[in-house]
Structures are given as structure tokens and as C-alpha cells.
Amino acid sequence: MSAARSALADQLAFLRQDRLALGGAVVIASFVLLGLFGPLLAPHDPIKYDVTTASGEVMRLAAPNAQAFLGTTAYGKDVFSQFLAGARPTLIVGLLGGLLTGFLGFLVGLVSGYYGGWVDEILMRFTDLTFSLPFMPMALLLLTFITPNIWVITFVIAAFLWKMPARVVRSEVLSVRERTFVKSARASGASDLRTMSLHVAPNVLPIGFLYTAYGIAWAITAQASLAFLGFGDPTMTSWGRMLRMVFDSGNIRIAWWWVLPPALGIAAVTTSVFLVGRAYEEVINPEIQTDQ
Amino acid sequence: MSGFRRFLLKRLAVSVVLTLIAVTVIFVVLRMLPGTPFEALITAGNLSDKQVQEIMAMYGLNQPLWKQYLSYMQSLLTFQFGYSILRSRPVWEILGPKLVNTLVLLVPALVTTAVLSSALGMYAGWNRGSATEKASIIATTYLRSTPVFITAILFLIVFSYQLGLVPAFGMRSITASPEGWYQTYVSLDFLHHYILPFSVAVLFYSGDFLLLARNGVVEKKGSEFLKLHKAKGLTETEQLARAGRNSMLPILTYFALRLGMIFQGLILLEVVFAWPGIGRGLVLAIQQQDYPLVQAAVFIMALAVIIANLLADVLYAYFDPTVSTSGGGAA
Chain F
-12 MSAARSALAD QLAFLRQDRL ALGGAVVIAS FVLLGLFGPL LAPHDPIKYD VTTASGEVMR
48 LAAPNAQAFL GTTAYGKDVF SQFLAGARPT LIVGLLGGLL TGFLGFLVGL VSGYYGGWVD
108 EILMRFTDLT FSLPFMPMAL LLLTFITPNI WVITFVIAAF LWKMPARVVR SEVLSVRERT
168 FVKSARASGA SDLRTMSLHV APNVLPIGFL YTAYGIAWAI TAQASLAFLG FGDPTMTSWG
228 RMLRMVFDSG NIRIAWWWVL PPALGIAAVT TSVFLVGRAY EEVINPEIQT DQ
Chain L
483 MSGFRRFLLK RLAVSVVLTL IAVTVIFVVL RMLPGTPFEA LITAGNLSDK QVQEIMAMYG
543 LNQPLWKQYL SYMQSLLTFQ FGYSILRSRP VWEILGPKLV NTLVLLVPAL VTTAVLSSAL
603 GMYAGWNRGS ATEKASIIAT TYLRSTPVFI TAILFLIVFS YQLGLVPAFG MRSITASPEG
663 WYQTYVSLDF LHHYILPFSV AVLFYSGDFL LLARNGVVEK KGSEFLKLHK AKGLTETEQL
723 ARAGRNSMLP ILTYFALRLG MIFQGLILLE VVFAWPGIGR GLVLAIQQQD YPLVQAAVFI
783 MALAVIIANL LADVLYAYFD PTVSTSGGGA A
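In the order they appear, the protein sequences are chains F and L. Here our numbering is used: the first residue of the first sequence is -12, the next is one more, and so on. Here our numbering is used: the first residue of the second sequence is 483, the next is one more, and so on.
Any given hint might turn out to be false.
[As the list claims (entries may be wrong)] Straight-line distance between alpha carbons at most 25 Å, and here's what the computed DMTMM-like set of lysine to aspartate or glutamate pairs gives:
id	chain 1	residue 1	chain 2	residue 2
1	L	K714	L	E701
2	F	K170	F	D235
3	L	K549	L	E536
4	L	K492	F	E268
5	F	K35	F	E269
6	L	K616	F	E108
7	F	K170	F	D107
8	L	K492	F	D107
9	L	K616	L	E718
10	L	K549	L	D531
11	L	K616	F	D107
12	L	K616	L	D690
13	L	K616	F	D235
14	L	K616	L	D531
[Unchecked claim] Here are the in silico distance ranges between beta carbons for each label pair:
id	chain 1	residue 1	chain 2	residue 2	range
15	L	M555	F	R181	45 to 53 Å
16	F	S(-7)	L	L502	46 to 54 Å
17	L	A756	F	K170	54 to 62 Å
Hint data in this document are derived by calculation from the structure and do not stem from the laboratory. None of the values given here were measured: they were computed from a predicted structure. Positions of the beta carbon are idealized from the N, C-alpha and C atoms, including for glycine.
With the sequences and hints as input, model every part of the structure.
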């Protein structure tokens, strides 16, 4: 596992000297905290509570003010509370969807590349199939007859996205398995399973991690996009769903305070993941890593 | 038979099988949907039982499943998509113009971005470590990672609602009633509606092209053939041109892949700008449970991807002799 450990050390060292990646890491960390504690910090219930004026009227579409730090929605709900609560489903689907995507893709790529032959043929044709079923339309179709909740959405996302890491990991495995230490391990009588997990896997682990990270950003994007189209979990406030509410109600024309928090939240997180990933990519891809 | 030809035949066969499987999956998913689009009409009491039976027969919904499947296959593969349930017009009559609207918006955007951002990416890669490169990295990363509807919404707010420069909705003014292709797509009114969705599409696509071109040039920069060119006394620009030319292959194949994803990738862009394209058409058809329309739209999207994948693989195998043509399925 020393290869994985040194790759990790490399990555941390790189993070420290790459200011963009460091900034990205900070944003991701605050997003995770927001996902964990956001709903607890929210001053009000995001859906049940109505913000009211001193005279007891429901405050609708109010710009940021003393009672509602980020203003109110057309239904008199507190935007700040919705923003805090909305981080959680975004985090859950992003994290689980990304991890599942990376894990499935890594496994398929590893097995496919290592065994080659008909195993490779079958798995890669299967990958081709998921490539040819367009994600968005298929996801929309599926979520029409399965009532969407965050677990179903996570599963649908992973079911369509594992193909990306699968291909990349496979091509890495193809080059690793030709190296001497793998060949000598096999020659000395190590089983396929042992060779694959002890000698090949650690060497493709970094690229697996990288694509898991990208998977997280893709999952967040997919979840937000589906929620925006009205195919999100109807029981949870998410950033994508907030955007759908403000867009569908037509209040996007005026209520910038209702649009910006979820929009910038999503943009900041996905961008940060890719910024960190880019720095990481330069570490594990020596061809891009020139000494300039 | 030459190796390339065998590769081509195999790849073609794979594509045909993929198309059949994709079509089958769509069929199965659609049959699993609960309820029928007629249910609303029936519960509203507007149709009698007899009328319902007649309509079901008209759409072949009373036949055994395998018969429905066969006629469905036949209809898709001959591009006879049947009648829209809700609008009682041929599906093709509804989808055709939407398809054109999508292409009119996205093909020029894709071409523009492929040229501009590849050039920019090569420049950034050549001047590694410069401020331009740093700035372009942030912009690029934002553009390729953030969902397109967020950029679209932000642009809408700034340019349409705050500055009032461009209309926010649709392809034409509501009062416009153009006739024929020329009046539809060549007018100031159309251009006015076009510019915002076009710009967002260009920006959204630009990220990947920029990065591909940049990485290509960065990789080439330290390579032996460039050192040779440098020794031969070529100017910086000439060297960059050589390095750039050698990074074209990934860009070309990526262009082909993007072209295939053109219908499905920007469903959200079409929804935000209310662009009457095929993506928005699909979302509406799903909401209205207009199955014939849905299956035709999804079929077109899947077919486009399959053809583009085929094209990209063949392009790659044809232009890059180092790619093994016997293995197939090159990523």
C-alpha cells in the first residue's frame, strides 16, 4: 500500500503549494460541515415556518432584512433556513453517488483490464450500452414511475455514471499489468485475485480516487439538474429544488436573494471539487507535470 | 480483409446491437409507467368506455405485448413515430421543427467553441504558469463543472432582468408569426432571442475543449520532436502550431462525442430559456405522458450518441496508427 500512501502524501504536498486547490479544499470542507450541521443551524423550519411582520402578516418575497437574513420566498419561507437545510440532500446524493460511481467503475475497470479476453469484451460492451443510453432522458423516464427520493436518485446516478471511471481505470490497468513486478508476481505463482488486488489495484488507486472525486461533482450536478426539472425528492429542501421553486413561480425576475444562495452554493462546490481534482491529476499524470 | 475494415465492420455490428438494446430498454421502461395518458380524460368523464376501447385500438394498445413490441420496433427503425396522443398530429410533425431548433442553436455554438477555446487552450498551455493560464483555469473549471442551468440562470438575471438587453423567453416575440425557414431563422427578432442561449452554450462547451487543448500542448512541449524543431530554428509561433497540430486528435474525437450528446446535454439550457427544442419537448412530453412523443425523442437522443461514438472510434482508429484496430472499443 506504500504506493497509495505516497500518492496521498504527494497530493497533500501539492494542495499546500497550489492555492486554487487549497481554496477548493476549504470550500469542500465547509460544504461538508454545512451538510452535517446545516439543518441543525437553520433558525427556522425551512418549509413549515412563515416569516411574519410585526403586525403578524406573512412576509412574502421580502428582500434581505432584519428578520430574514437572506429574505423570504414567495410563500413567506425563510431563504437562509432553506439554504442551510438544502445542503444536506445535496451532500448525501453527491457523496454517495460519487463513491458508488467510483467504486463500481473501479471494480469493472480493474476486472475488465486485468482478465482481458471475453471478460473484457462483455464488460466493455456493457459499458458501451450505458454510454448509448443518454443519462438525462433515461433518468427522467425512470423517475417518472419511481417516486424519487434521495436513495433512488443516488442509485440512478451511479447506475449511469460508473462508465467513466470504468474506462479510464481499465486503460490504466492495461499498462500496469504489463509491468515486470506484476508479471513476476504471476510467474511466482500468485493467484489472479491476489495479483489483482495486491499488485495491480494499488497502482491504479490514485486514478480511481480522482474519478471518485469527479463522480461526486457529477452526482451533485445531476441531482441539482433533476431537482430543477421537478424530479427531485419532493419531501426534502435541496438547492436544486429551491431553484426550481423560484424559477417556476416566475419570481426569478425579482427575487435575486432567493436565487443566488443555492445557485452559488452548487457552483462553488462543483468547481472546488474539480479544482482539487485538477491539482491531483497533475500529480498522478507525469506527462502534464512539467517542471515549470 | 484489412485490419481497419474488420474493425469497422465489428464496430458497426456493435452499434446496431446497441441500438436494438437501447430501443428495447426504452420500450420496457415506457410500458412499466403506471397509468395511461387517457386516464385523465376517462376520469374527467369526457370519454365513454366504448370510445376508450376505440382509441386504445387505434394506438394498438389492446394487442398482445409482443405484437406491440414488434410494431414499435418497426415504427422506430423506419422513423415512423406514429401519432402524438395529446395533440393528434404525427409525432414527426411535432418533433421535426424542435429538432431543427435545437440544431440551429447548438451546432454553431459547438463549432464556435471548438475553434475559439481550442486556440485559447493551446495558448494557455504554451504560456504555462502565466496569469492568463491561472485565470483561464478557474473560468474553465467553473464552466465544465457547474450545471449549465446555473450559468443560464445567472446570465438571465444579469443580461435580461437587470440590464434588459435581451429577451428572456423563447425563440421569437410572441406576436411574431413567421412563415418558412427564412423568416423563422433569419431576422433581427430571432437573433435577439438567440444571442443569450447561444453564449451560454458556447461557454458551457468551452471548458473541456480548452482543457484538452491545453493538456495536449503541455504534453507535447517537452517532447523530442519539438526540441528538434527548436534546434532547427523555428519561431515560437511555428513551434506552437506544430505542437497544436499534434494535439488535434483528441479534440476532433471529443467534438464528435459532443455532437452526439447535443440533444440530451442541454435539456436544461432549453428549459431555462424556454427554447422550443427537442430537450424541452421531451420534458413536456414526459409531464403530459405523451408516450409516442417521449419514445421518439429518447430514441433520437440515443441514436445520435451511438452514431457519434461510432464516428469517434473510427476517427481515432483511422487517424492514429498507434491505436490497435483489433481490440475495438478504444476509449
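(request) Enumerate the violated hints, using their earlier numbering and listing them in ascending order. (result) Going through the list in order, the structure violates hints 2, 4, 5, 6, 11, 13 and 14 and respects the others.
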